[in-house]
Structure formats: C-alpha cells, structure tokens
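Colleague: Given next are the chains, with one letter for each unit.
Protein chains: 4
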Amino acid sequence: MHFDSDYMNICHPLILQRMQELQDQQFSGYGTDSISQSARQKIRALCNCPEAEVQFLCGGTQTNMVMINFLLRSFEGVVCAESGHIAIHESGAIEFTGHKVLPLPAKEGKISAEQVDDYVTTYYSDPNWPHIVPPGMVYITQPTEYGTLYSLSELEQLSAVCRKHSIPLYLDGARLGYALAATNITLADIARLCDAFYIGGTKCGTMFGEAAVIPHPKPDHRFFTHIKRHGALIAKGWTTAMQFDTLLEGDTLTATPYYQGCCHAITEAMRLRKALQDKGYTLPYLSPTNQQFVEVSLSQAEEFRRHLTYDQWEPPHGNRVTIRFATSWATDPHDIDRLIDLL
Amino acid sequence: MHFDSDYMNICHPLILQRMQELQDQQFSGYGTDSISQSARQKIRALCNCPEAEVQFLCGGTQTNMVMINFLLRSFEGVVCAESGHIAIHESGAIEFTGHKVLPLPAKEGKISAEQVDDYVTTYYSDPNWPHIVPPGMVYITQPTEYGTLYSLSELEQLSAVCRKHSIPLYLDGARLGYALAATNITLADIARLCDAFYIGGTKCGTMFGEAAVIPHPKPDHRFFTHIKRHGALIAKGWTTAMQFDTLLEGDTLTATPYYQGCCHAITEAMRLRKALQDKGYTLPYLSPTNQQFVEVSLSQAEEFRRHLTYDQWEPPHGNRVTIRFATSWATDPHDIDRLIDLL
Amino acid sequence: MHFDSDYMNICHPLILQRMQELQDQQFSGYGTDSISQSARQKIRALCNCPEAEVQFLCGGTQTNMVMINFLLRSFEGVVCAESGHIAIHESGAIEFTGHKVLPLPAKEGKISAEQVDDYVTTYYSDPNWPHIVPPGMVYITQPTEYGTLYSLSELEQLSAVCRKHSIPLYLDGARLGYALAATNITLADIARLCDAFYIGGTKCGTMFGEAAVIPHPKPDHRFFTHIKRHGALIAKGWTTAMQFDTLLEGDTLTATPYYQGCCHAITEAMRLRKALQDKGYTLPYLSPTNQQFVEVSLSQAEEFRRHLTYDQWEPPHGNRVTIRFATSWATDPHDIDRLIDLL
Amino acid sequence: MHFDSDYMNICHPLILQRMQELQDQQFSGYGTDSISQSARQKIRALCNCPEAEVQFLCGGTQTNMVMINFLLRSFEGVVCAESGHIAIHESGAIEFTGHKVLPLPAKEGKISAEQVDDYVTTYYSDPNWPHIVPPGMVYITQPTEYGTLYSLSELEQLSAVCRKHSIPLYLDGARLGYALAATNITLADIARLCDAFYIGGTKCGTMFGEAAVIPHPKPDHRFFTHIKRHGALIAKGWTTAMQFDTLLEGDTLTATPYYQGCCHAITEAMRLRKALQDKGYTLPYLSPTNQQFVEVSLSQAEEFRRHLTYDQWEPPHGNRVTIRFATSWATDPHDIDRLIDLL
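Chains as they are written, first to last, in my numbering: chain A, 7 to 349; chain B, 7 to 349; chain C, 7 to 349; chain D, 7 to 349.
It is possible that part of the hints are untrue.
As the list makes no split between identical chains, a pair holds if one copy fits it or if it spans any two.
No more than 25 Å apart at the CA atoms, straight line, and that leaves these computed lysine to aspartate or glutamate pairs for DMTMM-like [stated by the list, open to error]:
#, residue 1, residue 2
1, K224, D132
2, K224, D343
3, K224, E59
4, K224, E255
5, K170, E160
6, K280, D124
7, K224, D195
8, K224, E27
9, K280, D195
10, K280, D338
Honestly, the hints are just simulated from the structure, not real lab data.
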C-alpha cells in the first residue's frame with residue numbers, strides 16, 4: 007500500500023481511453039490545435055471568463071516559475087507563507103528567475119489579508135524602502151502544503167487587500183481539485199478573486215500537466231514566447247490539453263470527472279482522519295482535504311514502514327516525526343480499510 | 007494529410023499498451039522508481055557507459071537549456087551553427103540562463119572541427135580576449151535542422167578538437183532516432199564522442215520527453231537539483247521514463263522499437279525525396295533523414311495547401327518559398343503515395 | 007607617449023580643483039544631495055527635457071547593462087551593429103541579464119534605419135516568429151567603436167523607424183563628448199531622438215562615471231531600485247554627480263569644459279589623421295573623431311611599440327594589423343608632433 | 007552637523023594629494039597598471055598571502071553580488087544573518103544573480119558557528135533535501151550592520167565549521183577598517199580564516215571603491231571576465247587602486263592611514279557612547295565601533311532633527327524609534343562635543 011502522495015497512479019481511466027481513441031489522429035504543434043482550443047473553452051466557461059488566457063504547462067514548479075516571473079516586474083519579490091512550496095521545495099526556481107521570495111509567518115500553511123496589508127504598509131514606511139525588494143505580488147496555495155484551506159471569505163479579503171495595493175494575487179492550485187471538492191468555492195470564484203492561478207493536473211488525475219489561467223489578460227503580453235523562453239512549451243501541447251479536455255467534460259464543475267475523482271479522495275481521507283482522531287493520534291493540522299498529517303514516534307513510523315509507504319514530512323524532532331498519508335482520485339477504499347486496521 | 011512535422015501523432019502503440027498495463031500500479035515520484043531505473047539501465051547499456059547519468063526531461067528546448075547551463079561556467083558561451091535551434095527557435099532560452107550563443111556560419115546546418123578550432127584559437131589571440139565571452143562548449147544537432155547528418159568521421163574530428171581545447175561537445179538529439187536509422191553511427195559512438203547529449207523522444211515516438219545523458223559524470227554534481235531549479239522535474243517522472251523503457255526494449259539498438267519506427271520514417275522520406283528529384287524540384291539540402299525541404303513558388307505552395315499541411319520554413323524570398331515535409335514513425339505510406347501523386 | 011585610449015589621465019583639472027574645495031563638506035548618500043540635484047538640472051537644461059530622469063552610474067558596460075535591462079521586456083532582444091560594444095566587448099553582460107543581442111551587419115560601425123525596418127518586418131513575417139526573440143529596442147553608439155558618426159539625418163531616420171515600430175532607441179554615449187565636438191548635433195537633439203542614452207564621463211574627462219538619461223520617463227518606474235539591484239548604485243553618488251556638475255557648467259553646451267575638452271581632442275586627432283593620409287597610410291575608417299585607426303605591417307607595429315603605446319584592435323590578419331591611436335581632452339600637442347615625426 | 011553615515015566626506019586628504027601628484031601621468035586601463043600592482047602587493051603583504059587575487063570594485067552591494075555569485079555554484083544559496091545587508095538592503099542583487107539568501111536568526115547582527123553547523127546538518131537530514139536550495143557558503147559582516155563585532159574566537163569557530171562542511175566563508179568588510187581599529191584582529195587573521203572578503207573603502211576613507219580579496223585562488227578562475235560581466239569593471243581601474251595604495255601605505259597595518267583614520271572614528275564614537283550611557287539612553291546594541299544606535303521617543307528624534315542629521319534605522323514602533331549616529335575618519339571632535347551637549 008502506498009500513501010506517499012497523490013501522484014502515484016498513471017492517470018484517470020478516461021484519459022487512457024481518450025488516448026486510445028486519438029491514436030491515429032494528427033494534431034498541429036504548440037497548442038495551435040482543436041483539442042487545445044476545446045480545453046481552453048471549457049476552462050473559460052467554468053471560470054466564467056470568456057477572455058481568459060489559458061496555457062498548458064508540464065509541472066507545478068515550472069508553472070509557478072513561469073507565472074511568477076510573468077506577473078512580477080524584474081525588481082519585485084513575491085510574498086508567501088514561510089511554508090509555501092516556492093519558499094522551500096522548488097530548489098530556488100523563483101530565485102533562478104531573479105526574484106526574491108518574501109516569506110511571512112504562516113498559520114496552518116496560510117497567511118492572512120491583515121499580514122499582507124501590514125507587510126506592504128510597513129515596507130513603504132521604512133525610510134530605506136527604495137533599497138529593499140518591494141512586495142510585487144502575493145502567492146498562496148489552495149489547499150496549502152498542510153492540506154488546509156482558505157475559506158471564501160479569507161480569499162475575498164486577500165483579494166481585496168491585493169487590489170487595494172495594486173499587486174496581483176496568484177493561487178498555486180497544484181491540488182486545486184481537492185479544494186474544490188472539499189468546499190463550495192468554484193473555479194469562477196477563484197477566477198474572480200485571483201489575477202492568475204493554475205488548475206493542477208498531475209496530482210488530480212492527469213499523467214502530467216497543469217492549466218495556467220490568467221482571467222483578464224492584458225493585450226500584447228507575449229505569454230507564449232515567455233513560456234517558450236522558460237523551456238516550458240512542449241511540441242505536442244495537445245497531449246496536455248487533451249487530459250484537461252477529458253477531465254473537465256461536463257455541464258457544471260460538479261459533473262466533471264476532475265471534481266468527482268477528487269471527491270472520492272476526500273471521502274477516503276475523511277474516513278482515515280476520523281479513525282486517526284478516534285484512536286487518539288496527534289494531528290498537527292486539521293486538514294479537510296486529501297493530505298492527512300500525523301505526528302508519531304520514530305518506532306511507530308518504523309512499524310508503519312513495514313506495511314506501507316508514506317511521506318516523512320520533515321526531519322524528526324527528538325523521537326517524534328510528522329508523516330503524511332495522501333489519498334487520491336485513485337485510492338482503493340480497501341487500502342484505507344487496511345490502513346485503519348493498522349492504526 | 008499532415009506533413010508539418012514528426013510530432014503530430016500521440017505516441018507509439020507499444021507505449022499506449024504499456025500505459026494500459028500500468029494503470030493500477032503505483033510508483034514513487036521524481037524518478038526514484040523501478041521503471042526509471044530500468045530505462046536508465048537500458049540507455050547505459052546501449053551507450054556502453056555503465057556509470058552514465060541519465061535523466062528524463064519534458065521537451066527539447068528545456069533539455070537544451072538545462073544541459074547547456076549545466077555544462078558551461080557562468081561567463082562562458084556556446085558555439086553552434088548559425089542555423090542551430092538554440093540560436094533561433096528557442097525564444098532566447100539560453101540567454102535566459104545568462105549565456106551568449108556564439109553562432110558560426112553553417113553549411114547545410116553543420117559546422118566543422120576546423121571552424122571550431124579557428125574560433126577558439128582566434129579568441130585567445132585577440133588582445134582583448136578577457137573582455138570577450140569565451141567559447142565554453144560546442145553545440146551540434148544530429149540530424150541538423152535541415153535534416154542533414156554529421157558523418158562518424160566529422161563527429162570524431164569535432165570531438166577531438168573539443169578535447170584539445172578542453173571544452174565539452176554537446177549533441178542535441180531531438181531527432182536522434184532518425185539519424186541512428188539513417189547511418190551506422192550507434193548510441194555508443196555518440197556517448198564515446200560527446201560529453202553530453204539527449205535522445206529525443208517527442209519527435210521519435212514518445213508522447214513527450216527526452217532522455218538527457220552525461221556519459222561520464224563528475225561526482226557531487228547535483229544534477230537533480232539543477233533540473234528542479236529550471237522547473238524541469240515532473241512529479242510522475244516514471245511516466246516519461248516508461249516511454250523510453252518501452253521504446254528501447256531489445257537486445258541491440260537495431261532491435262528496438264525506437265530504431266525501427268525511425269527506419270520506417272526514413273524509408274518513406276526516401277521515397278518522397280526520389281519522387282521530388284525525379285520531378286525536377288529544387289531541394290536546397292540533400293537530406294538523408296525524415297525532413298525533406300523543397301523550394302517552390304508561392305502559387306505551388308498555395309496549391310499544396312489545398313490538399314495537405316506542411317511547414318513553411320522561413321519568410322518567402324520574392325515569389326519562392328522553402329517548405330518542409332516531415333515523415334515520422336507514424337507516417338501512413340498511402341499518404342506518401344498521395345503526396346507523390348500531387349507533385 | 008601613450009595613445010592607447012582616452013581614459014589614461016585621471017580627470018579634468020577643474021574636477022580636481024572642485025574636489026579640493028569640497029573636502030570639508032558633507033553630503034547625504036545615494037544621490038539625495040544638492041550637488042546631484044544641480045548636475046541633474048544642468049543636464050535637463052542642456053537636453054531641453056525638464057522632466058528627464060538622470061542617474062549617475064560608474065562605467066560604460068554597467069550603464070549599458072542597466073539601461074538595456076530597463077528598456078526591454080524580459081523576453082526581448084536588443085538590435086545593434088555586429089561591431090557594437092555590447093555585442094563583443096562586454097563579456098556577455100547583456101546576456102547576464104537574460105537578453106539576446108541581435109547583431110546586424112555594420113558599415114563603418116553603423117547600422118541604418120532601413121536595416122532596422124527590414125529586421126523588424128522580416129521578424130513578424132516569419133511563420134515561427136512567436137518562437138523567436140523579438141527585437142525590443144535598438145542600440146547604437148555615437149561615435150561608433152570605429153570613431154565614425156551618425157549624421158543628424160541618420161539619427162532622425164533611426165528614431166522614426168523605431169517609433170514606427172514602437173521600440174525604444176538607445177544611444178551609448180561612452181564618447182559622446184567627442185561626437186558633440188565634431189558635429190553640430192546637440193544634447194537636445196539626442197534627447198529628442200532617443201528614448202534613453204548616456205553622456206560618457208570616463209572617456210571624456212571625469213575620473214569615472216556616466217550620466218544615464220531617460221528624456222521622458224514613465225511614472226512609478228522604480229529606476230533607483232533597478233539600479234541598486236544591478237550593484238550599480240554607490241553610496242557617495244554625489245562624487246560622480248559632482249564631476250558632471252563641474253564639466254557641464256556653462257550657459258550653452260559649447261561653453262562647457264566638457265565640450266571644450268573634447269574639441270581639443272578632435273583638433274589633435276585631425277592633425278594626426280591628415281599626417282597619416284599625407285604619408286599614404288591605409289585608414290580603414292575615415293574617423294572624424296578622437297579615435298584614428300591605421301592598418302600597418304607587423305614590423306611597423308613593432309617599430310611604433312618602441313616609441314609609444316597604442317591599442318591593437320584585433321588579431322592580426324596575415325602580416326597586417328589594425329592599430330588605434332586615441333587622443334583625449336588631455337592630449338599634449340607635443341606628443342602628437344612627436345608621433346607625426348615617427349610616421 | 008551630520009551623523010547620518012560614514013560616507014559623507016569626499017575622501018582622506020592623502021588621496022586628494024595623491025590625485026594632484028598624478029594629474030599629468032598616464033596609466034593603462036582595467037587594472038593592468040603599476041599602481042594597481044602596487045596596491046595589490048600591499049594588500050597581499052598585509053594579508054600574508056602572496057598569491058592572493060585582489061581586484062578593486064566600485065561599491066559594497068556590487069562587491070557582494072560579484073563575490074557571492076563567484077563563490078556559489080549556480081543552485082546554491084548563501085547563509086547569513088537575517089539582518090545581513092544582502093538579506094535586506096541590496097534590492098535583491100543576490101537574487102538577481104539567481105541565488106537564494108538563507109537567513110538565520112541573528113543576535114546583535116551575528117550568527118554563530120553552532121547555528122551554521124545545525125543548518126547544514128538539518129539540511130542534509132531533511133528527506134526532501136535534493137528539492138531544497140543547499141547552503142553553499144556563509145556570509146558575515148564585520149562589523150555587523152549594528153556595529154557589533156565577531157571576536158577572533160568566533161571567527162575561528164565559523165571558519166572551522168565552514169571548512170568541516172566544505173563551504174566557503176565570506177566576510178563583507180564594508181566597514182572593516184573600523185573593526186580592525188576596534189580589535190586586535192588583523193588582515194592576516196581575516197585572510198587566514200575567510201575564503202574571500204573585501205576591505206571596505208567607501209566607508210573608511212576612499213572616495214569610492216572596495217578591495218576584493220581571494221586569499222587562495224584556484225587557477226583559471228577567470229575572475230576578471232566574471233567581474234566585467236557584472237558591469238563591475240571600470241576603465242580607469244587604477245583610480246580605485248590608487249586610493250588603496252595611498253591608504254595602505256605603511257610598514258604594518260597599524261601604521262597605515264587606513265587604520266589610523268578608523269581609530270579616530272572609534273575614539274569619537276566611544277566618547278559619544280559613554281555620554282549616551284551616562285545620560286541613561288537605551289542602547290539596543292553595545293557597539294564597540296563607529297555606529298551607535300539609540301532608542302528614543304519620536305519627539306526626541308524630532309528635537310535632534312532640528313540640530314543635526316542622523317539615520318532613522320527602521321520604521322517606528324509605537325512612539326519609539328531607533329536612530330543611528332555614525333562617526334568616521336573625518337569626524338570633527340567639536341561636532342561630537344556639540345552632540346553630547348544636546349543629549
């Protein structure tokens with residue numbers, strides 16, 4: 007049994023089926039094809055943004071790098087939670103593009119509108135501000151790296167404070183499907199409140215690929231050339247688009263295989279969470295999504311390792327260690343049963 | 007009928023079949039899995055380099071960017087043909103990483119060992135050389151952007167001159183399969199003569215992905231972190247590796263589906279080339295591989311466009327234009343028949 | 007005798023005198039002082055641009071790097087003469103900031119409006135243009151690296167073509183004083199025709215420093231922070247400004263020590279040029295400014311070396327070599343007499 | 007009266023005198039001259055490192071950027087105090103070169119060997135370490151941004167821990183003269199313990215310029231080209247070198263004008279510190295060097311402002327604010343008397 011992550015199975019069966027169907031067809035390169043166009047239109051409709059720029063990239067770190075470098079002016083930095091993926095786990099990809107990451111203390115992986123407001127205000131009240139990297143945008147993850155969620159109200163407040171200071175709000179949606187499935191926040195809400203975001207594929211059912219969305223693009227932005235320059239454009243762009251085109255088929259968000267697959271993961275994760283709580287385990291974050299974190303002793307961790315795989319989240323502290331169990335659209339409920347039995 | 011390029015079909019049928027077989031299995035992330043290990047071992051064996059570093063990336067521009075930035079010291083530039091992909095069609099991805107591209111006049115897309123020798127020698131004889139970007143490596147494409155090929159002897163000479171000047175030789179193998187199929191140069195030859203190269207997937211039968219090879223890596227090179235920092239690492243790395251693992255199955259290079267698929271493309275391209283020559287068309291380059299370039303009038307180009315698609319290679323010169331027909335592992339021989347009938 | 011360059015003497019005597027006068031005074035840092043303000047006002051008046059942004063930087067390569075990276079969008083390249091300083095002699099400083107240098111064939115160091123127009127037009131007529139680095143600005147040097155000059159009419163044509171294509175025109179004025187002294191083109195002309203430029207100090211009489219000018223800056227451009235981020239801001243910015251404040255004192259350009267010092271250099275250079283021509287030397291470029299290039303045999307070059315220093319411009323071709331004699335604001339006329347005697 | 011900083015006077019009188027003496031002489035460019043050679047030799051002798059690489063740059067931020075980008079491999083980050091100059095006041099110059107700044111909690115501006123050891127050890131014990139920016143060097147300031155000092159023992163411990171982990175130790179000596187004057191740590195000690203450092207000029211008596219030192223350079227390091235590529239090389243390099251050549255004249259460090267000028271600043275700063283303490287002011291850091299920080303009420307700060315200038319260090323906290331008084335080699339003792347009277 008494997009609970010390391012949500013990117014262990016190849017892809018949603020509907021995508022495999024679509025691949026078979028397409029195998030004798032030919033499509034033009036670099037996203038100029040009809041399937042890419044169809045996928046873009048589905049995303050625009052779900053976002054309620056008919057003019058949105060939509061491009062399909064390969065992975066999460068790449069998408070963050072491309073988008074942040076697109077949204078910032080060269081001398082600006084990106085404000086984020088200190089636990090944000092870009093702050094820690096991207097090997098300096100943001101700095102590679104010349105930008106400073108400006109981490110704020112996080113609470114369960116989240117930052118607040120008030121923190122952002124304070125940071126920007128304090129920045130401009132510093133007598134030396136012209137010598138200091140200015141906050142040029144805000145980066146959040148939904149769900150966060152700890153599986154927690156921003157409420158609609160929190161997102162609205164973050165959006166308002168960003169607009170007050172004229173800096174874009176960007177949402178890293180590597181696991182966005184699980185957030186959509188766990189709340190009633192819609193893609194249209196996200197598109198209304200954020201200046202850019204991506205709809206995660208890799209962790210939510212595709213084989214690879216993320217859909218980058220700019221709800222209200224400026225004219226002549228040359229986003230295509232920008233993407234290519236980062237090495238992020240692939241020749242068979244339609245193979246990425248096709249995966250989103252397949253998973254986002256449906257009249258409404260809730261009718262899509264994307265949403266439904268993620269709902270399954272949430273159901274299984276909640277069963278596991280309840281069992282953990284019932285058995286008295288220490289859950290450092292109360293995650294409503296598909297990632298469940300548990301603090302255990304090193305010997306317990308060792309014991310688990312004999313039966314299954316999980317993700318060790320951080321270096322141990324003393325003889326305690328925090329581990330993560332992740333469910334996904336592909337999780338077998340019997341595996342969750344067996345895991346619960348082992349607790 | 008579509009002859010725009012060799013990246014129009016989804017992927018080799020054996021890959022689709024393998025995907026089906028793997029759909030209920032789970033693999034760990036970032037290339038730490040058993041399939042990635044198997045694919046690496048096959049490549050090491052074909053290259054006759056048991057210690058080779060092998061990593062799987064997403065696309066050609068990305069791989070060039072990652073590899074060139076890995077091979078060069080920060081202040082060095084990369085010598086290449088003026089028609090080289092990195093010099094023109096990568097939107098400045100090499101400059102994005104801080105390196106100057108140093109183009110040499112090319113003959114049918116190729117540069118010679120003598121040119122490289124002259125360039126390096128002249129560089130160090132310039133009284134102002136410390137103020138000038140030093141040639142830090144040589145980049146070649148095999149086949150070239152015009153479908154032409156370096157002979158084994160030419161490769162040996164380039165390799166020798168690079169080693170004489172202690173600068174690495176890097177080979178962009180976006181279409182390497184077609185070069186292997188059109189000559190008796192082997193992967194072991196490439197690995198013996200080059201300091202780094204990649205085995206192209208996207209244009210030779212995979213859905214996406216390229217296999218970057220460093221035949222004799224230095225210890226502690228942190229190539230993994232380097233890749234991640236360029237946004238070039240995907241979570242489900244095993245899905246890329248799996249495609250190479252499938253196409254490179256076989257006791258020898260010639261027994262692999264990779265090689266055999268490319269042989270098919272060459273056969274069809276040679277049929278087309280003969281027909282073009284027989285009918286008196288002007289072929290600006292005598293390409294022995296799957297890309298065939300033809301100079302036609304604008305009205306002929308227009309006429310072709312009514313029946314099929316092709317790639318217009320450059321802006322027209324007067325009322326003449328050079329167009330490209332590409333075959334691939336997936337080309338239907340009947341399409342070539344029909345194209346020949348249209349000539 | 008030293009004719010290597012125009013940057014061999016410490017600085018104009020008026021600057022040394024001003025330093026003495028200021029030695030017990032104190033000024034605030036980073037250009038916030040009254041002398042910097044005075045120097046900026048003088049430059050604005052000479053440029054007839056009361057709102058111009060003026061900043062004082064340390065050297066020419068630095069100023070080119072800072073200005074080009076400021077004027078270009080991240081994915082754009084800079085069009086210039088193939089002999090342009092940024093294309094060759096800056097060790098890749100432009101590429102360091104991520105931009106491709108796009109060289110055009112040059113005639114006596116110059117490019118024409120027609121060439122620029124063709125380049126931009128051809129770019130957008132290439133079917134693959136979105137994959138190619140777009141021309142985002144034009145860089146010229148006045149005088150050029152060969153001492154030649156753009157006429158007012160040529161500058162007007164270049165300016166017009168840049169405005170037609172909405173790309174900025176930037177003028178590298180490392181030796182601008184010598185161009186001003188050799189023509190009746192004024193700083194107001196330069197400011198009217200260029201979108202950015204710099205007034206060279208180091209080669210025209212200051213100890214160090216260049217004055218970067220943006221005639222019509224956009225609001226909120228954060229140029230100060232941009233400069234600092236390139237390591238180009240020095241704490242005692244007023245010491246740079248003070249040198250321009252001293253050399254640009256005067257009611258009109260022609261009344262300034264800056265202009266007059268450069269006039270002296272031109273006078274001496276013209277005496278030398280006439281002597282070279284009279285004695286039948288081969289002058290590859292007919293330079294009207296302070297740099298005079300002569301093609302000589304290696305043995306002549308050797309013979310000169312016994313009596314004086316000069317700059318060898320390029321690697322020898324066969325037994326011929328091009329050397330440069332430079333005069334400056336500080337050239338002793340007796341040295342020119344002695345050099346003429348040696349010819 | 008001006009106590010804002012130590013960079014308000016033009017330069018040490020001996021430098022002005024030397025400039026006068028040199029005004030009719032000519033020197034070759036880019037540091038190839040005899041004065042640069044002389045200055046290098048003096049620094050090598052004082053450092054007891056006859057093979058040291060010594061280059062003269064323009065300012066502190068530039069030198070940090072050039073040196074850190076030289077010492078790090080492309081994917082590595084630089085460990086420093088959270089209050090370190092590179093972490094805050096350089097507008098992202100380090101990130102501009104692609105490197106992440108890795109700040110540690112600081113105590114009076116300092117970090118300890120134990121902190122560095124923990125950081126490196128923890129890094130490699132993180133199961134995800136290959137995805138995280140590795141600590142590639144350590145940056146310290148001496149004196150720190152708060153005027154405090156590392157003791158010889160603390161430097162030795164930092165050096166030892168860096169060598170244990172094979173990462174270089176780099177010392178930012180923007181105000182190094184004041185540290186040398188306040189302790190018995192010598193340049194030879196610094197050169198023995200650090201892998202690179204710079205001897206600050208701008209804040210210690212020169213008009214501009216810093217002397218970058220690599221005690222034990224590797225062969226073929228192309229440091230010159232590296233500097234040029236950062237726009238950090240000026241044509242009249244000898245004017246920078248000349249200032250160090252003048253201030254470092256003397257048989258021993260303590261005999262140099264550089265040392266003696268800084269001693270004067272320390273004497274005056276200690277008089278001020280004693281007066282502040284005697285009158286019951288709150289000194290947040292007990293600085294033994296030329297920067298003295300005092301916490302005052304906003305109304306006191308306002309009152310001071312009527313008589314003199316100082317540096318406001320940070321945004322106010324409530325109605326309290328920390329301000330800085332800086333002395334320098336040029337401080338008039340009567341000004342300190344007058345300031346003490348105002349307390």
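Colleague: Indicate, hint by hint, whether the structure satisfies it.
Modeller: Cross-check of the supplied hints:
1. Taking CA atoms no more than 25 Å apart as the test, K224 paired with D132 passes between copies only; the shortest distance there is 24 Å, against 32 Å inside one copy.
2. In this assembly of identical chains, the alpha carbons of K224 and D343 never lie at most 25 Å apart, being 50 Å within a copy and 47 Å across copies at closest.
3. Taking identical chains as interchangeable, the C-alpha atoms of K224 and E59 lie at most 25 Å apart only when both belong to the same chain, with a minimum of 9 Å there against 27 Å between chains.
4. Taking the shortest Cα distances, K224 and E255 never come within 25 Å of each other, neither inside one copy (28 Å) nor across copies (46 Å).
5. Taking the closest pair of Cα atoms, K170 and E160 come within 25 Å of each other only inside a single copy of the chain (15 Å); across copies the shortest separation is 47 Å, beyond that limit.
6. In this assembly of identical chains, the alpha carbons of K280 and D124 never lie at most 25 Å apart, being 37 Å within a copy and 37 Å across copies at closest.
7. Within a single copy, K224 and D195 get their C-alpha atoms as close as 20 Å, which meets the 25 Å cut-off; across copies the closest is 34 Å, which misses it.
8. Taking the shortest Cα distances, K224 and E27 never come within 25 Å of each other, neither inside one copy (37 Å) nor across copies (45 Å).
9. Taking the shortest Cα distances, K280 and D195 never come within 25 Å of each other, neither inside one copy (30 Å) nor across copies (59 Å).
10. In this assembly of identical chains, the alpha carbons of K280 and D338 lie at most 25 Å apart only when taken from the same copy (17 Å versus 57 Å across copies).
Checked against the numbered hints above, the structure breaks hints 2, 4, 6, 8 and 9 and satisfies the rest.
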